[in-house]
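Work out the full structure: start from the sequences and follow the hints.
Note that our numbering gives residue 263 to position 273 of the sequence shown, counting from 1, and the numbers run on in steps of one.
Since the hints were made in silico from the structure, they are not lab data. The reader is advised that the hints may include incorrect statements.
[Claimed, not checked] Computed list of lysine-lysine pairs in DSS-like fashion (alpha-carbon distance at most 27 Å, straight line):
#	residue 1	residue 2
1	Lys172	Lys157
2	Lys179	Lys110
3	Lys240	Lys8
4	Lys59	Lys303
5	Lys287	Lys303
6	Lys73	Lys86
7	Lys116	Lys8
8	Lys35	Lys59
9	Lys285	Lys295
10	Lys236	Lys172
11	Lys59	Lys118
12	Lys172	Lys118
13	Lys179	Lys116
14	Lys172	Lys110
15	Lys240	Lys172
16	Lys155	Lys2
17	Lys285	Lys35
[Said to hold, decoys possible] Ranges between beta-carbon positions, derived for each pair:
#	residue 1	residue 2	range
18	Arg100	Gln38	35 to 45 Å
19	Val164	Gly25	37 to 47 Å
20	Ile167	Ser52	47 to 57 Å
Each residue gets a CB set at the ideal place from its N, CA and C atoms; glycine is no exception.
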Amino acid sequence: MTDGKRQKGRPKLSVLEKSKSRAARDYRAYLHTFGSEFDDEIERKRVQFYESDEQMGRPPLSLKQHQEKARTVWDGSWTAYVKQCEVDSVEPESPKDLEKHKARDKAGRRGNDRIVYLLKYARQQKRKAENAEAVPDLDYNESLKNTRGRVPMTKLEKVAHYNQKAKSAELEIVELIANLPKSEQLYYKIHDFKIERRQTLMCITNPGNPQALTMALSAEQATQNIMELDTAIGALEVERHEAIKKETPKKSKPKKMTPNEISEKARAILSNAHENASDEMRTQADQDLKEMQDKSKRLDELLNKARADRLRKRIQEQEQELIEMGIDPAKVMNG
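So this is what it looks like as structure tokens:
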């Protein structure tokens, strides 16, 4: 993004960055299968499946099966990441460090906040003031005669009322932006220019739109304004990019390693990861067995309760049928 040119879309990632992000996502997904929330969700699905009268479809996977599938995916992405590190002569990070990589990143377009809302509100009030001012005095005074309810404002009062609302919103924007870093201040300037560019473009693409009619620009004037706005937006984006670089703390570059050192390091990390996982599986084997037994017992209790409820319901239906036939159910029960 140089020479005032606008960049479209997110920045491109290298093959190493993509493999690292994929490995980090798969590792977090694998760890998620050991959480209590995931365990409860799997148990709920199993109980729901076995309690239903008509068991359609295949039974849900067990917790162990989910963990094995997630581990297989994680092993594949980790191996691909290590191989790419060897190609780029970079030391691979440990799984513990990968867990934090882009863990808090949010994808997609940035959401609206208070400042964006106030910018839009100020534009709307200014537009209302311009529309009120554009009405001829004679037509406005004539419209006042047909109103009901409270006494309407005069034309000057209405224009001043809308301008005051816009000014109040702009003052609040200034207060909110004052404590923000420079990159954030530039973001809102760029956002406002982009909105202005979009509205100006309507004078060309949709000249009959009320906003386009209010702006009253010819196609040539609108084109010239759009070119000026594109130049300003590009310059601001370059400035914001530089501000972000200054505000972001510098990271030490990873030390270059020889291919042999990388291979040995990767094998050591992978070996330690497998050993740690094996140790955890061995130490928790008894606990897992007890948990599975408890879950099985709980599932049996739920199934027995469901059967008893269905049997009780059937008995009540039969008793009701006997009553409708004029037969006392108690006499039938006593023979």
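Structure-based check of each hint:
A distance of roughly 23 Å separates the Cα atoms of Lys172 and Lys157; the hinted pair therefore holds under the 27 Å criterion. Annotation: proposed proximity of Lys179 to Lys110 holds, straight-line Cα distance about 13 Å (limit 27 Å). Pair hint Lys240 plus Lys8 holds up; C-alpha atoms about 21 Å apart against a cutoff of 27 Å. Proposed proximity of Lys59 and Lys303 is contradicted: the alpha carbons are some 42 Å apart, above 27 Å.
The straight-line distance between the Cα atoms of Lys287 and Lys303 is roughly 24 Å, inside the 27 Å bound, and the hint therefore holds. The hinted pair formed by Lys73 and Lys86 meets the criterion: a straight-line CA distance of about 18 Å does not exceed 27 Å. Restraint check: the Cα-Cα separation between Lys116 and Lys8 comes to about 46 Å, which exceeds 27 Å; the hinted pair is violated. The hinted pair formed by Lys35 and Lys59 meets the criterion: a straight-line CA distance of about 18 Å does not exceed 27 Å.
Distance hint between Lys285 and Lys295 is fulfilled; the C-alpha atoms sit about 15 Å from each other, no more than 27 Å. Our distance criterion of 27 Å between C-alpha atoms is met by Lys236 and Lys172, whose separation comes to about 10 Å. A C-alpha spacing of about 59 Å is found between Lys59 and Lys118, which places the hinted pair above 27 Å, so the restraint is violated. Between the alpha carbons of Lys172 and Lys118 the distance comes to roughly 32 Å, so the proposed pair goes past 27 Å and is violated.
Annotation: proposed proximity of Lys179 to Lys116 holds, straight-line Cα distance about 18 Å (limit 27 Å). As the CA atoms of Lys172 and Lys110 are separated by approximately 21 Å, the hinted pair is consistent with the 27 Å bound. This hinted pair checks out: Lys240 and Lys172 have alpha carbons roughly 18 Å apart, not beyond 27 Å. Proximity of Lys155 to Lys2 is assessed by CA-CA distance (about 43 Å); at most 27 Å being required, the pair is judged violated.
For the proposed pair Lys285 and Lys35, the alpha carbon gap of about 13 Å is at most 27 Å, so the pair holds. At about 38 Å, the CB distance of Arg100 to Gln38 agrees with the hint of 35 to 45 Å. Under the hint 37 to 47 Å, the C-beta atoms of Val164 and Gly25, about 45 Å apart, fit the expected range. Between Ile167 and Ser52 the Cβ separation comes to about 54 Å, which falls inside the hinted range of 47 to 57 Å.
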